[in-house]
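**Student:** When you get a sec, could you build the whole thing from the sequences and use the hints?
Protein chains: 2
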Amino acid sequence: MSKPDWIAVDWGTSHLRVYAMSGGSVLDERASDDGMGSLERNQFEGALLALVSDWLGDRTPVLACGMVGARQGWVEAPYSSVPAAVDQVKMVNAPTSDARLDVRVLPGVKQVQPADVMRGEETQIAGFLALNKGWDGVICLPGTHSKWVLVSANEIVSFQTFMTGELFALLSEQSVLRHTVTTANWDESAFSEALSDSMARPEKLAAKLFSIRAESLVNGTAAEVGRARLSGLLIGAELAAARPYWLGQKVAVIGAPEVARLYVAALAEQGVPATHVQGDRMTIAGLNAARLREGISA
Amino acid sequence: MSKPDWIAVDWGTSHLRVYAMSGGSVLDERASDDGMGSLERNQFEGALLALVSDWLGDRTPVLACGMVGARQGWVEAPYSSVPAAVDQVKMVNAPTSDARLDVRVLPGVKQVQPADVMRGEETQIAGFLALNKGWDGVICLPGTHSKWVLVSANEIVSFQTFMTGELFALLSEQSVLRHTVTTANWDESAFSEALSDSMARPEKLAAKLFSIRAESLVNGTAAEVGRARLSGLLIGAELAAARPYWLGQKVAVIGAPEVARLYVAALAEQGVPATHVQGDRMTIAGLNAARLREGISA
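Protein chains in written order, with the working numbering: chain A, 311 to 608; chain B, 311 to 608.
Keep in mind that a hint or two might mislead.
Because identical chains share one entry, a pair is satisfied inside a single copy or across any pair of copies.
Computed list of lysine to any residue pairs in SDA-like fashion (alpha-carbon distance at most 25 Å, straight line) [what the hints assert, rightly or not]:
| id | residue 1 | residue 2 |
| --- | --- | --- |
| 1 | K560 | V486 |
| 2 | K560 | A494 |
| 3 | K313 | S335 |
| 4 | K400 | S468 |
| 5 | K313 | R369 |
| 6 | K400 | V528 |
| 7 | K443 | R591 |
| 8 | K400 | S526 |
| 9 | K400 | L527 |
| 10 | K560 | A395 |
These aren't lab readings, by the way, just hints derived from the structure by calculation.
**Tutor:** This is the structure we're talking about:
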């Protein structure tokens, strides 16, 4: 492989993903568990070099988004505020000792009322809008902290975050439900039923959650039913609360295919057309758009 | 201290509590972290002896309730089914090698539709009814898995479990919110406001949870506000879903004072009179009532 022109970096709380880039094309990609959450400030450069050292030329531009720009990250990239134009972002240089590295960190976006924040999703949105010029509508980014984002005229207008993915992880791995949902299998009809039930009566969530355990003890319900029901209850509660975002709207779902398809299907059942695009590709497109705009090259 | 007549045991998932008894009076009490969740079947006797060995006479009756009677416990005490008369419980003898021990385990209660289970709370309810003859109404037992129980004519008629306490523990200790709610302090007005808000719009829970983190990042909201708000949101969601239980009813709250007072105050605001009784005292009263009924003595 020839040396990349630049390196795209998606640096979240728990993962670090790097892409060797030639213009807008990915030459190679690597990942590690050196997420921002496990690093001290002086460890970021080393964690990056561990993955990209052999990709570097004399001086290689690196563009990074995500929690790497948080206050506890490599360098703080202060939030932009809504309404935030996705094509006007103020990058911050990260301090480095290796002269081959030229690292810039993209800021996140904040909203004061109701209070909310994002870091990384704004870059995926910028990538989506770079690839879909003039698109207006609602973008859903399911994940650890799912986001619903209203986009208009190339701006992030407003957004809301739900802890759906983190709740699923905590409940399925660390709560009393872990005994009941541990399986790689999945019961699609249990998911659909729980989703509808939860959308219709979201206020029953805390009771419905325990019923997954009780159903297993009392009626011997299978783990794949429990797991799908847990997912359906949580996503259903999110969709119920996010109704003002998606009702009567055009929706794009940006995320990993396994989870994105659940959202697309659920929205379709509500009569809402939703398209799915890959999250990692949007991150790369967003970083590349920022690079081109700033005229950054090796 | 003279040797006790009998020993009362409250054996949950994470704790073991033992009481040296003389009739209905507590002579001494001890506790350890040898909960059912951390013990293999052959370790229960040793865990008990570690606490009570010096209390034992030639042969001392021990009455135990809680998760000790689960399938993974010392000996399975099969569930009674609702409607379950609290004064007819079928105790199961636990196998012992120390001849000084005469151990009996009380069963839990199950409900098939909607599926639900309890182990330990039925004994607290039996204790409450032994001390309050002829009481009809609704009993709320806040905790890791909060229960709402309809009681009539000395029977447990129906009940529903909420994962409120476990959600609070997971979210405050292990989620992204842990950075934002770590404090021993408490803002009472933030609790009240979040409680009202959550009762009025329980479907917003998953979004409101993340807002605790965002409020801290964006507006610098204090940890005691975040902690009280987290509690208010979760208890509010529980109260909203449990409305069919408490609306227009007389309620008794059985539990530890710190959490019970929150429920009593919240119910009072809804115009529902609620009294509070201590959970551990009700456990002892329930075990003693079972002992007297069966004529068990040293």
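**Student:** Could you run down the list of hints and mark each one as holding or not?
**Tutor:** Going down the list of hints, with the structure as the test:
1. K560 / V486: neither (38 Å within a copy, 31 Å between copies)
2. K560 / A494: neither (32 Å within a copy, 45 Å between copies)
3. K313 / S335: within (13 Å within a copy, 81 Å between copies)
4. K400 / S468: Classified as within: same-chain Cα gap 19 Å, cross-chain 59 Å, threshold 25 Å.
5. K313 / R369: within (11 Å within a copy, 81 Å between copies)
6. K400 / V528: between (57 Å within a copy, 19 Å between copies)
7. K443 / R591: within (16 Å within a copy, 68 Å between copies)
8. K400 / S526: between (52 Å within a copy, 23 Å between copies)
9. K400 / L527: Cα proximity of K400 and L527: across copies only (19 Å, versus 55 Å in one copy).
10. K560 / A395: Intra 20 Å, inter 56 Å, cutoff 25 Å: intra-copy only.
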